[in-house]
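*Asks:* The lines below spell out each chain.
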Amino acid sequence: MTAAAPLQEELRELYRDLILDHARSPRHFGKLDDASNRAEGINPLCGDKLKVYLKIKDDGVISDASFEGSGCAISVASASLLTETVIGLTTDSALSYVDAVLAALAGQQKDPADVQLGKLAALQGVREFPSRVKCATLAWRALNAAIHDDKQPATTE
Amino acid sequence: MNEHSQKLAKPVTSGLRDCRSDFPALDQEVNGHSLVYLDSAASSQPPSAVISAVAEYQAHDHANVHRGVHTLSHRATEAYEGARDRAQSFINANTRNEIIFTRGTTEAVNLVAQSFSRPTLKPGDRILITHMEHHSNIVPWQQVCEQTGAELVVAPIDGKGQLKTDELIAQLDERVRMLAIAHVSNALGSINPLREIISNARRFDIPVLVDGAQAVPHMPVDVQELDCDFYALSGHKMFGPTGIGILYGKEAKLDAMPPWQGGGDMILEVSFAGTTYNELPYKFEAGTPNISGAIGLGAAIGYLESIGMALIERHESEILAYMMAELDKIDGIRLIGTADKKASVQSFLLDDIHPHDLGTILDHKGVAIRTGHHCAMPVMEHFSIPGTARASLALYNNRDDVDRLTEALLVAKKIFKK
Ligand SMILES: Cc1ncc(COP(=O)(O)O)c(C=O)c1O
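So the protein sequences, as listed, match chains A and B. Heads up, the first sequence is in our numbering, so the first residue is 136 and it goes up one at a time. Heads up, the second sequence is in our numbering, so the first residue is 200 and it goes up one at a time.
It is worth saying that the hints were derived from the structure and are not from the lab. All C-beta atoms, glycine included, are put in the ideal place defined by N, C-alpha and C. You may find that some hints are simply not true.
Okay, derived cross-link-like pairs now, DSS-like style, lysine-lysine, Cα gap no bigger than 30 Å in a straight line [what the hints assert, rightly or not]:
1. A:Lys-254 to A:Lys-184
2. A:Lys-166 to B:Lys-616
3. B:Lys-617 to A:Lys-254
4. A:Lys-184 to B:Lys-612
5. B:Lys-363 to B:Lys-528
Calculated from the model, a selection of chain B residues having no Cβ within reach of chain A, i.e. all distances over 10 Å [said to hold, decoys possible]:
6. Gly-214
7. Arg-216
8. Asp-226
9. Ala-254
10. Asn-296
11. Pro-355
12. Gly-463
13. Thr-474
14. Met-508
15. Ile-511
16. Tyr-521
17. Asp-556
Please put together the full structure from these sequences, using the hints given.
*Replies:* So, in C-alpha cells, the structure goes:
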C-alpha cells in the first residue's frame, strides 16, 4: 500500500459503473406476491436485511425472482444482479451460481464449466475490501436459503 | 508522562497544546494517507503514558492483588488501589469505597440492574429510560423488567435529537423506581440537562443511574454535584484499556445492595455454613480483577488531569462547531443530531449514499469513522433511517482532521454522482 493513485483505482474497481447502476436502479425490486419460495438474509454486523422471493415452477425452473430490503450499494447491486441472473435457470444451476459467486468473492480460482460469471464478475471488486465481502454475499446466501425453503434467516456470520 | 508529551508543540486552538504526538497510533499511514481518527466514541486511542504504565506493570510489578505478603503483590495492590484513588478524585466521589471496578459501562449497568433493582422491583413499578440510550442502558432494564414484572417507560426525544425534558419530568412519579439516562448520547451527541432532571427525580425519591461513557472523556464530571446515585463509565473511551470501567455508587446505596457475583476477594470469611461478604468496594469485585486495566485507566486519568478537562471541553466544542459548520456546507448532507447542547459526535447522511459505502470510501482516504446503528437502534427508528455515518472527536483532533473528512466526503459524492 503506497501511492494514492492505484488506491483510487481500487475504489473504482469496487464501485464500477455496473454496480452503481444496479445500486441506484435495482432490478426486480419489491415483493413477489405469488412467490413459491422466500428467505431472509441478515448481516448481523451492520443490521442490513434483505428478502429474496422466487417463483419456482414444477419443473424446477425459476420463472420469476425479486428482492426487497435496504442496504449499501454493494449489497443492493449484488441482489439486483442476482435476480437478473437466476430468472430462467433451474434451481440446480442457480445453486451452482451460488457456489461460483461465493468462491469468486472469497478469491478462489474455481471455474466451474457450467457457470459463466458474466456481469457478476463486477462484484469481484470487493475482494480488495475484506470488510465488504459480506455485503456482496448476503443476497446469495438468501437465495440459497430460499431454494431450500429455509425458515431461518440466512446470515453472513 | 513521557518526554514526548512534555515537548512544547504548536498550540492548536483554545489554548490546548497539540497532543497528537502523545498518541503513537495516530502517527501512521492508512491506505497511503496519514490516519485521521474520528471514531473515538467507539473506542479512543491510548497515549504513551497509558501504554507504558501497563507495560511497566506487566514487566516488573505483576502479581495478584490483596492476597500476598510478597513484594510484587504489594506493588500490584498499591498500583491497583492507587488507580481507584485517582478515579475517586477524578469524578469527585465522596469516598474510595464508591469506586467499583467493572469490565466497562455495560457491566456497571447490569450490576445495578441485578443487584440494586431486581431484589426490590415488583409489578406496577416502572423503570424510566430515554429514547436516546445505548443498547447497554436498555437491555439490562428490559431483562430486569421481565424478571420482576416492572414496566419499562421511555422518555421521548425531538427532531433535533434532544431529550424532551419537560415530558421526562412529567413522567416522574412514585411508580418510577429507577431513572437510567445517558449523560451524553453516543449516536447524537446530545448532552442531557442532568442537574434539572435529577433534582426533579429527588422529589419522588427516584434512584438515578447515569451512563457517562460518552461524557467523561470530554468534560469535567462531578458526581456529587450531579447528585446521581450511580454513574457508569468505560476505560477504553477515555484513553484507557478495554475491559475496565467503573461503577460509581453512593456508599449508602452500595452498602445496602447484595453482592452480584460470588468468588474470591469479595468475601471476609467462607465456611460451608455461610459466608461473610467483604466490605466496599471489594464486595462487588469477585475474583482476580483486571489489574493492568485498572492501572492503565489510572494512567489515562492522570493524563487527562495533566491537560485539564475544562480545556479539553473548550477545545472539542470549538472543533465540533467547526465540523458541524463544514459538514453543513456540503450539498446533500443531512446532519442527524443537532441539539443545542452537544459534545464530540456528529452523525450524518450524504445524499442517498449508504453509510457503509461512505465508511469504505473514507477509510480509503485514511479517515476512520463509524457507520451503522451505533448500538442505538431506537434512535435510528426515531429518525426513520437504518443507520448513519458518525464522526466523533477527542482531545487529539483538530481542524485539519475535519478538512480531511469533508474532502473525503466530496470524493464519495463524486463516485456516487448520478
Ligand atoms: C453511551 C454509551 N453507553 C454505553 C456504552 C457501552 O460501553 P462498553 O461497551 O464499554 O461497556 C457505550 C459504548 O459503546 C456508549 O457509547
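*Asks:* All hints, please: hold or fail.
*Replies:* We went through each hint and held it up to the structure:
no.	hint	result
1	A:Lys-254 to A:Lys-184	holds, 24 Å
2	A:Lys-166 to B:Lys-616	holds, 28 Å
3	B:Lys-617 to A:Lys-254	holds, 21 Å
4	A:Lys-184 to B:Lys-612	holds, 25 Å
5	B:Lys-363 to B:Lys-528	holds, 28 Å
6	Gly-214	holds, 35 Å
7	Arg-216	holds, 31 Å
8	Asp-226	holds, 16 Å
9	Ala-254	holds, 28 Å
10	Asn-296	holds, 40 Å
11	Pro-355	holds, 23 Å
12	Gly-463	holds, 36 Å
13	Thr-474	holds, 41 Å
14	Met-508	holds, 34 Å
15	Ile-511	holds, 31 Å
16	Tyr-521	holds, 25 Å
17	Asp-556	violated, 5 Å
When the structure is compared with the earlier hints, a violation turns up for hint 17 alone.
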